[in-house]
Amino acid sequence: MVMKTITRVLLVAGLAFGTTGIANAKDAPKTLMGASGQALADTCAGCHGTDGSSGGPGTPSIGGLSKAYIVDLMKGFKSGDIPSTIMGRIAKGYNADEIGKLAVFFSGQKFAAAKQKFDATKVAAGKKSHEKYCEKCHADGGVNIEDDTGRLAGQWSPYVKESIAAFMSGARPMTRKMKKRMKKLHAKGGDAAFEELMAYYASQQ
Amino acid sequence: MSKKIDRRSFIRSAGAATAAAGVIGMPSLALGAGKKVVVVGGGTGGATAAKYLKRADPSIEVTLIEPNKTYYTCYLSNVYVIGGGKGIDSIGHGYDGLKKHGVKVVHDYVTGIDAKTKKITTKGGATIDYDRCIVSPGIDFKWESTPGYDEAASGTIAHAWKAGAQTAMLRKQLEEMKDGGTFLMAPPPNPFRCPPGPYERAAQVAGYFKKHKPKSKVLILDPKGKFSKFGLFKQAWSKLYGFKEGSDDGMIVWRGTPKGSDDNKIVKVDVAGKSIETGFGSEKGDVLNIIPAQKAGKIAFAAGLTKGDWCPVNLRTFESTIHKDIYVIGDAAAAKGLPKSGYAANSEAKVAAAAVAASLAGKDAPVPAYVNTCYSIAGPGYGFSVAAVYRLKEDGSKVQKVSGGLTPSNASKGVLASEETYAHSWYKNITNDIFG
Ligand SMILES: Cc1cc2nc3c(=O)[nH]c(=O)nc-3n(C[C@H](O)[C@H](O)[C@H](O)COP(=O)(O)OP(=O)(O)OC[C@H]3O[C@@H](n4cnc5c(N)ncnc54)[C@H](O)[C@@H]3O)c2cc1C
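Protein chains in written order, with our numbering: chain A, 3 to 207; chain B, 68 to 503.
Simulated from the structure, these hints should not be mistaken for lab results.
Check each hint, because a few of them may be wrong.
[To be verified] According to the in silico footprint, chain B covers these stretches of chain A (three or more CB under 8 Å from chain B):
| # | region |
| --- | --- |
| 1 | 31-43 |
| 2 | 52-61 |
| 3 | 94-100 |
Just so you know, these numbers come straight off a predicted model, no measurement behind them.
Don't be surprised by glycine CBs; every beta carbon is placed ideally from N, CA and C.
Isolated chain A, as found in the complex (with noise of 0.2 Å):
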């Protein structure tokens, strides 16, 4: 998957260069380190749900998602490389070793789709677009992570809708390939077909 690799250097070179020094061991307090995986993962749980499955209506579910997935985005957050709220400020308590740990618990859990509300007026355009521009790597309708993308279909609206608004706005690196994409759809159908293609990820329950 070459525009995988492609993300990966971009984010991996971001957090090279991410000036939030955090990672500076040497400053820090000495503290015991070594907590399990579901330890770790149990810290999470408040805000994403046991087990990484969210009731939402904003916050994303996290379990089920792809490892690599999880890795890079812990990554992204803690260098700033990808915008956040608040993952910016949590991702930075954890070292490469823990992240990974994270990593493995969460992509072991099932995911669990979204039960929200969704304009089934807008579906079917939102499925012909999705198919046309997305597909290719986010096979299924939205369903398959094994090009570890992160999932579309079954994710908290309002948080698909904020990756893409960081997409467009370069605020969120993405693939060239996907950017190709991502500009085509938008050239055609303006924000109304994003709006179509969330009412199509809602709609998968």
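Using the hints, position chain B with the ligand against chain A.
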């Protein structure tokens, strides 16, 4: 539990404990070491601990003792009930979820915990044995901090610092107040449960006034010189409710107490006259809200678990440093480094549950991890937060913050709006994590 299982688990834990004795010191070889855990208090900390004990090891017999059939969360009580008028059911949670996890729920009130005989006594007259006991009774008030205002007076003037009838009463009084009235609030001195809580409440009451009673005022007489999320609250108050620091203009007026002064410390409360006398002067209100200073819940004192106002604990396990095999979590614990919040109580409960499960299996306590988050909603589309990730300091002396912080003061409208949405998500997810 049958005798056979008792004996088997005794042998197993005894063997393992002996092997680990070099590491953990004198292992617990309590007579007939079984797997009975009694949790005292079915609030945020207690209910989480009960559920997570069952998750850790379904063979542990977990009994939860809690007087009330419905737990009303303090969190979001300002937003959903006091400001939002959604009614008390919007913050109520029952115990059916815990029962489904195999927790035995007993509705009773614990009057004594005997650390020597490992027996719990209740108001209902029951005596219950335990191998490990987890105590999460929340807070009690130091009524002596508010002369004139006591438990009886809380029947007409709300503290609303334990949610339920108190919360509903405060909302009703605000609804009955005439436009042009004053909501007079006296927040507590440190340390207290939910440090940003009084200031979120001030914003929520102002939000209700702005919509329904625009000539009314919120007057805060604070015994402190500053408070949690100080900058963010002042910014929100001034953006939404015309607050001006040091001025009586605007809907919200905050009067603090500089160090060394007694300006806004309560001297006396006149319950019938609805006024508060402070070191500075006297203020009258139409609806009063007095939040007294706080200490650990009653049972913590009765069981001899306190030192000063709170319960000292081993921060790796939350086991009392006074009484063996009793663990104290939540607001009642002196969890050095962690705030007294629902998120922290939930996090502490998981650390304690894992430590108790390990101890019953004769194993060393696992390495703990803790997180705290506290969202505040100042008005529609206006949320902000404080978050932190913690680790135990190597010498065990403190729960050390390793990352975190506040919503930045220059956060965009979009971020503030998202944080409000995420605050509602937080409520949904944490209450489901506790009671679901
Ligand atoms: C207005 C307000 C807003 C808040 N907002 C937030 C927020 O946004 N985020 C956040 O993280 N925290 C918030 N908090 C703080 C949070 O509510 C507490 O920190 C949390 O509830 C502490 O949990 P606990 O288990 O220690 O106590 P509690 O949740 O109070 O539970 C104690 C339980 O023990 C029971 N009990 C007491 N004594 C006995 C006995 N002898 N026998 C049997 N049962 C007993 C009680 O009935 C009660 O159910 C807020 C608090 C207030 C007041």
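Now the hints, each set against the structure:
1. 31-43: Held - the region 31-43 of chain A has 10 residues with a Cβ nearer than 8 Å to chain B, which meets the minimum of three.
2. 52-61: That given contact holds, which follows from 7 residues of the region 52-61 of chain A lying within Cβ reach (below 8 Å) of chain B.
3. 94-100: The restraint on the region 94-100 of chain A holds, since 3 of its residues have a Cβ under 8 Å from chain B and three suffice.
The structure agrees with every numbered hint stated previously.
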